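Q: Sequence:
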Amino acid sequence: MNFTSLEFLFFFCLVFLVYWNLPDALKRYFLILSSALFYAFSSWKFLFHLILVVAVNWAFIRFFLTRNWFLPVSIGFNVLNLAFFKYFYFFADLFGIFLGIPDFQNKVSLDGILSKSLDWAGFEVVLPLTISYYTFQFISLLVDKKKGTITEEIGFLKLASYIFLFPVMIAGPILRFNDVAAQFDSPKMEKEDMVDGLWLVVIGLFKKSVVSVLMSGSIFQVFAETSAFSGAALLSTVYFFAIYLYLDFSGLTDIARGMGKLLGFTLPQNFRAPFFFTGFGDFWRRWHLTFSFWIRDYLYIPLGGSRSGTIRTCFNYLVAFGLGGLWHGANLNYLLWGVLTGLYLSIERVLTDWKVTILPEIPYVKRTVMYLFVLNIYSISWILFFTPDFGSALAAVQRIFVWSNGVAFPNMEPCIFAFLVAVLFHSAEEWPDKFKVRFQWKAALLPIVWILVLLALPSGNADFFYGQF
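Going by this note's numbering, 91 is the number at position 69 of the sequence shown; the sequence numbering is gapless.
By construction, these hints were calculated from the structure, which means they are not laboratory data. Fair warning: this is a prediction, and the values are worked out from it, not measured in the lab. Using N, Cα and C, we set each Cβ at its ideal position, and we do this for glycine too. Treat the hints with care, since some could be wrong.
[As the list claims (entries may be wrong)] Straight-line C-alpha distance at most 30 Å; calculated DSS-like pairs for lysine-lysine:
| hint | residue 1 | residue 2 |
| --- | --- | --- |
| 1 | K180 | K213 |
| 2 | K456 | K210 |
| 3 | K129 | K67 |
| 4 | K377 | K388 |
| 5 | K458 | K213 |
| 6 | K210 | K67 |
| 7 | K213 | K464 |
| 8 | K464 | K210 |
| 9 | K388 | K456 |
| 10 | K180 | K169 |
| 11 | K210 | K180 |
| 12 | K458 | K210 |
| 13 | K67 | K138 |
| 14 | K168 | K180 |
| 15 | K213 | K456 |
[Said to hold, decoys possible] FRET-style restraints, in silico, Cβ to Cβ:
| hint | residue 1 | residue 2 | range |
| --- | --- | --- | --- |
| 16 | D207 | F412 | 47 to 55 Å |
| 17 | K388 | E146 | 15 to 23 Å |
| 18 | F52 | V130 | 41 to 49 Å |
| 19 | F52 | F395 | 50 to 58 Å |
| 20 | L354 | V459 | 43 to 51 Å |
| 21 | R84 | D304 | 35 to 43 Å |
| 22 | Q291 | L416 | 29 to 37 Å |
| 23 | L381 | D46 | 19 to 27 Å |
| 24 | E29 | A254 | 36 to 44 Å |
| 25 | W463 | L442 | 18 to 26 Å |
| 26 | G326 | I369 | 12 to 20 Å |
| 27 | K210 | L28 | 25 to 33 Å |
| 28 | E29 | P124 | 51 to 59 Å |
| 29 | I380 | A478 | 40 to 48 Å |
Please work from the sequences and hints to get the whole structure.
A: Here's what the structure looks like:
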């Protein structure tokens, strides 16, 4: 069920009305039930799978928390659960290459073999909804509980409510248990919370379902046939794709945070003016915050963080972000993107630690040159996200650097509009105090903005780009 669909609107309105007319003691149960129903719209079979995964994690915490093997075994269970569904065909492909079995390297052939062997017509390994996100939430819970960061007892219902919270089930933000645990006990919503929640939802709809959809018609034409377009068109595409990702992803998480606010929850911010960065590291302190902080706290720091010198720090960056790249999917492109990100952060760290000066300290010049360098490096590396394989990505980068002739970028006007919208929202995220509006004005303008956005919504439901991860 898509957040921007009419079906979801009816679903949420019904949940909202019933939820706030229940006593506090029943709200948690109703929210779990509603979230389970929401999940079942995707697949009722995977609903039972998720309930089983919740039960296994609860059993680990309840009965084996004090055992020495608790973390490796419990984390291993969740990683294997993710790996089976997300990397099954990747490992089968490697197995086929190693043993020289071509049928294992072809998904259709492999599905046919397994259907026949298992007597299971139409066998296929399908990725369950939000498995990548809830796996991160389980792992952070297990680690924090073992470390003592979480002190309260975690019963089955507490664990279920932490995982079954439907506003974050599609695109996050990735929650930590302590972010929301206390908020289930007695959720409250004042008039200000309702207005703020509705503003977050309508802003998210505007970003996700209006502006990003307007520009998608242009950039996805280039995605479909990168070899036909000029180097200038490809470079324009990587810039506009960065804007598209921001609007699409931050828009959906704004909707999630707004729905959370309407249900009495304050959910963590996921974007904070990411393209107002000052360097590689600063970008990751602004982009997909709950993901980058998870990588920092549960991969980078356990590997040693920055405690063992510059070279070891660089190694930790490469490993942490390489694994973060693979989290997006079992694909060489994603792995390479993650390793490149770790490499950029490593080079920045080396230059800082060893006090290497490349650009002279001329006011505005150094900052401008550095900004353009980081922007181009990051934007071009995102080619790995919209090309089918490494060869296609390399060919597209080559076309940019040799400034190849070809088809011009199609219909740039919606993309320029999207750029201006992104700058506006970046400014509001960077300087929130300067964009504060009095409550009376926010309440008065809200219905007008809602009407305008609803009128601007295109027909149909646009897919969420990050939903594939």
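Q: If a hint holds in the structure, say so; if it does not, say that too.
A: Results for each hint:
Taken as a hint, the K180 and K213 pair is honoured in the structure, with Cα atoms around 28 Å apart against an allowance of 30 Å. Of the pairs offered as hints, the one joining K456 and K210 holds, with about 28 Å between alpha carbons and a cut-off of 30 Å not exceeded. Proposed proximity of K129 and K67 is supported: the alpha carbons are some 22 Å apart, at most 30 Å. Taking the CA atoms of K377 and K388, the gap is about 15 Å. The hint holds against a cut of 30 Å.
Note on K458 and K213: the hinted pairing holds, with a Cα-Cα distance of about 17 Å set against a maximum of 30 Å. Between K210 and K67 the alpha-carbon distance is near 34 Å, which puts this suggested pair outside the 30 Å criterion. Between K213 and K464 the alpha-carbon distance is near 11 Å, which keeps this suggested pair within the 30 Å criterion. Distance restraint check for K464 and K210: the Cα-Cα separation of roughly 20 Å lies within the 30 Å cut-off, and the hinted pair is therefore satisfied.
Simply put, K388 and K456 have alpha-carbon atoms about 27 Å apart, close enough for the 30 Å limit, and the pair holds. About 19 Å separates the Cα atoms of K180 and K169, which keeps this hinted pair within 30 Å; it holds. A threshold of 30 Å between alpha carbons decides the hint, and for K210 with K180 the separation of about 18 Å falls inside it, so the pair holds. Restraint check for K458 and K210: the C-alpha separation of about 23 Å stays at or below 30 Å, so the hint holds.
Straight-line distance between C-alpha atoms of K67 and K138 comes to about 22 Å, which keeps the hinted pair within the 30 Å bound. For the hint linking K168 to K180, the alpha-carbon distance of about 17 Å falls within 30 Å, and the restraint holds. For the suggested pair K213 and K456, the alpha carbons sit about 22 Å apart, so the restraint of at most 30 Å is met. For D207 and F412, the Cβ-Cβ distance of about 50 Å falls inside the hinted range of 47 to 55 Å, so the restraint holds.
Distance hint for K388 and E146: a CB-CB separation of about 53 Å, inconsistent with the stated range 15 to 23 Å. A hinted range of 41 to 49 Å for the beta carbons of F52 and V130 is consistent with their spacing of about 43 Å. Checked against the hint of 50 to 58 Å, the C-beta distance between F52 and F395 comes to roughly 52 Å, which is consistent with it. Checked against the hint of 43 to 51 Å, the pair L354 and V459 passes, with Cβ atoms roughly 47 Å apart.
Our hint of 35 to 43 Å for R84 and D304 holds, since their Cβ atoms are close to 41 Å apart. For the pair Q291 and L416, the supplied restraint of 29 to 37 Å holds, since their beta-carbon distance comes to about 36 Å. Taken as a hint, the range 19 to 27 Å is violated for the pair L381 and D46, whose Cβ atoms sit roughly 58 Å apart. At roughly 42 Å, the beta-carbon separation of E29 and A254 lies within the given 36 to 44 Å, and the hint holds.
Range check, W463 to L442: Cβ separation about 23 Å, and the 18 to 26 Å hint holds. Between G326 and I369 the C-beta distance comes to about 19 Å, which sits within the given range of 12 to 20 Å. In this structure the supplied range 25 to 33 Å holds for K210 paired with L28, their Cβ-Cβ distance being about 29 Å. Distance hint check for E29 and P124: the Cβ-Cβ separation is about 43 Å, which falls outside the suggested range of 51 to 59 Å.
The supplied range of 40 to 48 Å is met by I380 and A478, whose beta-carbon atoms lie about 46 Å from each other.
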